[in-house]
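Numbering (our numbering), first residue to last: 7 to 362.
Just so you know, the hints here were simulated from the structure itself, not pulled from any lab data. None of the values given here were measured: they were computed from a predicted structure. Heads up, the beta-carbon is just placed ideally off N, CA and C, and yes, glycines get one too. It is possible that some hints are incorrect.
Straight-line distance between alpha carbons at most 27 Å, and here's what the computed BS3-like set of lysine-lysine pairs gives [unchecked claim]: (1) 256 to 272; (2) 275 to 263; (3) 266 to 256.
Between beta-carbon pairs, the in silico distance windows are [claimed, not checked]: (4) 22 to 356: 30 to 36 Å; (5) 82 to 341: 20 to 26 Å; (6) 67 to 183: 25 to 31 Å; (7) 341 to 269: 38 to 44 Å; (8) 60 to 118: 51 to 57 Å; (9) 335 to 41: 21 to 27 Å; (10) 139 to 119: 20 to 26 Å.
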Amino acid sequence: MTTVDPDFDAAREERRERIFTRINKADSWFKVFGLAWLTPILRAAAGDNPRAQMGEIWRLLGVPLAAIAVFLMLWGTLAPQVQTSLGAIPGPVQVWEQVGNLHADHERQMDRAASFYERQDARNAELIANGEEPRNRVFTGAPTFYQQIWTSIKTVFFGFLLATVVAVPLGIAAGLSVTANSALNPIIQIFKPVSPLAWLPIVSIVVSAVYTNDDGWFEKSFLVSAITVTLCSLWPTLINTALGVASIDKDLVNVSKVLKMGTWTKITKLVLPSALPLIFTGLRLSLGVGWMVLIAAEMLAQNPGLGKFVWDEFQNGSSQSLAKIMVAVFTIGIIGFLLDRLMYAIQSMFTFSNNR
7 MTTVDPDFDA AREERRERIF TRINKADSWF KVFGLAWLTP ILRAAAGDNP
57 RAQMGEIWRL LGVPLAAIAV FLMLWGTLAP QVQTSLGAIP GPVQVWEQVG
107 NLHADHERQM DRAASFYERQ DARNAELIAN GEEPRNRVFT GAPTFYQQIW
157 TSIKTVFFGF LLATVVAVPL GIAAGLSVTA NSALNPIIQI FKPVSPLAWL
207 PIVSIVVSAV YTNDDGWFEK SFLVSAITVT LCSLWPTLIN TALGVASIDK
257 DLVNVSKVLK MGTWTKITKL VLPSALPLIF TGLRLSLGVG WMVLIAAEML
307 AQNPGLGKFV WDEFQNGSSQ SLAKIMVAVF TIGIIGFLLD RLMYAIQSMF
357 TFSNNR
């Protein structure tokens, strides 16, 4: 007759509990990065009711993949039936081909740039040997698709940081002071709905008048796009910061008065920790707005970035232009999703909010 060792069962149960504790801790980060479907896979592997976990896997992973498959099937079936001035609308296969072509174009351009600098280095070595001053020039080839992506990302982050620096202090002031809130509210209500297309000409004129030297840290086109992003994206952060500060528990405010906290101590020890969830909600909204605004600004002002890439392909009018524009559209959407996940990851590091 087989006997069961109670100590062995207790140790095994303890190991299972440790495994599930680790899985639950990892689950919060899986949710941050949009990988929540990994949790039921790990739980099923650990022996936690495989049938129920398979249902979760289907809901979190199977359903989205099935929806994407249906979308691709409809796209591939219906697209060739729509004729445009540039030919039939490209399907998934044609768009994917252009991804490869854009990557190949980037590699060719990088090879040309490398050859250019090698020749320049050789010429400069000869000049130095002859006692002459070397002449350094910058490769002026057309920016590749990857370079346009990097330009847009740099621009949106710069504009977003400017908006944050302006919006958070103003939001704190509006949340703490009824007078400041009354002063800022009409300005917010008037300028919040203004389109970036209306701000762009004003920003272009002002930057051209103030920033007369193009040899500074930033190019004019970069500043125009970034400041336009700032003007359009600061409002969600400002509003949510003011709302978060104003909704702080009154008991905490009374405690700060009893302890006679200074303004700076009150803000850093009481206001910011309590208002952080709403502040980060505003930051996520602002970054999303800024990304959308940037693409429109780049298209209209013909500033470097993904917006200009889309406009140039539209003006090009080749048989491949429409497919390249669709590659840019998917790229814009994917980057927007990744920016939101990045902000949520930062939010999860500083707050205990479960909002996504």
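Structure-based check of all given hints:
no.	hint	in the structure
1	256 to 272	holds (13 Å)
2	275 to 263	holds (13 Å)
3	266 to 256	holds (15 Å)
4	22 to 356: 30 to 36 Å	holds (32 Å)
5	82 to 341: 20 to 26 Å	holds (24 Å)
6	67 to 183: 25 to 31 Å	violated (49 Å)
7	341 to 269: 38 to 44 Å	holds (39 Å)
8	60 to 118: 51 to 57 Å	holds (52 Å)
9	335 to 41: 21 to 27 Å	holds (24 Å)
10	139 to 119: 20 to 26 Å	holds (23 Å)
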